[in-house]
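Sequences listed follow chains P and E, in order. Numbered by this note's numbering, the letters in the first sequence go through residues 4 to 175 in order. Numbered by this note's numbering, the letters in the second sequence go through residues -3 to 259 in order.
Once the Cα atoms are required to be at most 25 Å apart in a straight line, the calculated SDA-like pairs of lysine to any residue come out as:
id, chain 1, residue 1, chain 2, residue 2
1, P, K172, E, R14
2, P, K172, E, A166
3, P, K172, E, P150
4, P, K172, P, A143
5, P, K172, E, H45
6, P, K110, P, S85
7, P, K172, E, V16
8, P, K172, E, A34
9, P, K172, E, E43
10, P, K172, E, P33
11, P, K172, P, E140
12, P, K110, P, T87
13, P, K172, P, N146
14, P, K172, E, R47
15, P, K172, E, W256
16, P, K110, P, G83
17, P, K172, P, L142
18, P, K172, E, D172
19, P, K172, P, Q136
20, P, K172, E, T169
21, P, K172, P, Q139
22, P, K172, P, A141
23, P, K172, E, G148
24, P, K110, P, S91
25, P, K110, P, I93
26, P, K172, E, E44
27, P, K172, E, F124
28, P, K110, P, G86
29, P, K172, E, D36
30, P, K172, P, A144
31, P, K172, E, G146
32, P, K172, E, R37
33, P, K172, E, G127
Treat the hints as calculated values from the structure; they're not laboratory data.
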Amino acid sequence: MMRRAVLATSATVAGVSLLLALKPHHNGIAAASGQGASGGGGAVTVAPPVAPGSAGSGGSGGSTGSSGSSAPPKQGAKSGASGTYTGSVIDTRYGPVQVAVTVARGKLTGVKVLQTPSENGRDRRLAAMAVPQLTQEALAAGNARIDTVSGATYTSEGYINSLQSALDKARA
Amino acid sequence: MRERGGPGAATGAAREVRVVHVMGTVFSFDVRTPMTPAIDRALDAAEEHLRHVDAVFSTYRPDSQISRLAAGTLTLDACPPEVGEVLALCAEIAEESGGRFTWTPDGRLDPSGMVKGWAAEAASDLLFEAGAADHCVNAGGDVQARGSAGPGRPWRIGLAHPHRRGDLMAVVTGHDIAVATSGTSERGDHIVDPRTGRPATGLTSLTLVGRHLTHVDALATAGFAMGGEARAWVAGLPGIEAFAVTSDGHAWQTPGLPLWTAG
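Isolated chain P (complex conformation) (with noise of 0.2 Å):
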């Protein structure tokens, strides 16, 4: 998974919050290996959406990304770099996201969307997502006091060591 970011640029992209963490120099860009930068060999990477409401401000945002495992920057990623990076295509969860950005001597001047996820796109894929998991701890502290469980059959002995049946044993 790419994280390499440092410079977060909060975007609304089809209505949902999408964190783009670009840096245009120092660690945080990416090895191109023959990504199509027009101006330089570096490729910006994207950020897969940071937990909504996160995205840091300024520079400092979305730092915990950059650390140990950027690829050595290619030539023209120092400080003094133009030209315009095309980033890979980043497959989110809302769908495919890719941006260019503009870099002038080596100061990020614009970021341009290439490519967000469609409607259709969006549909399909807001739907699918890695299994959530509620443990009981976080059930707790978001007070979701839940009233039954749904899950596969259970046999009479699987049940006595069952959420279900910690429910109906449960007193106030």
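The hints should help you fit chain E onto chain P, whose structure is shown.
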């Protein structure tokens, strides 16, 4: 087992819980309407009904009507009327699912995929008619809820995580709502795709949400047997929402799934 109190008591709501071991699983009745003698009698009747249904439909009992019907030693006319009712429902769901729901696996007569949800909804109806406007029946993981869980509060039904026992994936909510889950996590590969004769693959868990458990439960069994094809099929089912976990560890849901979220 009868219990008063419980979480509902904290908000001033009544709560009567009864647990019945029957049909190889456990039915939990949770009544939130303040108890009356009529509701108490309805709980007795519901329990009795489940035991009656088990005696009639159990394929494990050679003396059950369904076993004797299958063996040709009993005619349909000589069976209790609910046998014909269940078989007609089976035929209906079989058609709706393009043959993925079956009551004749391997040529045997076995409407088990229909019986539990149908019996649970019938038990729920008994309670409702006795005045228990607010109650929930959980039939071994398949749920029929009616009314409210507490004053102004809809029922909240957790969806069990198929790989992490005791954890949930999501919480769905509603007032008159049926939630049925088909999956392999509790009893292994027990759902066979009738078109291949092999255990269904592609899904680890399929939860369907609708209004009536009879329908929702049977559709969930059929959808699970479809595996990867279930997603497109479910999308075309009116009044049905879905949440699924695929065999490769992903999840998908329909846009209208009534999820409860904190806050």
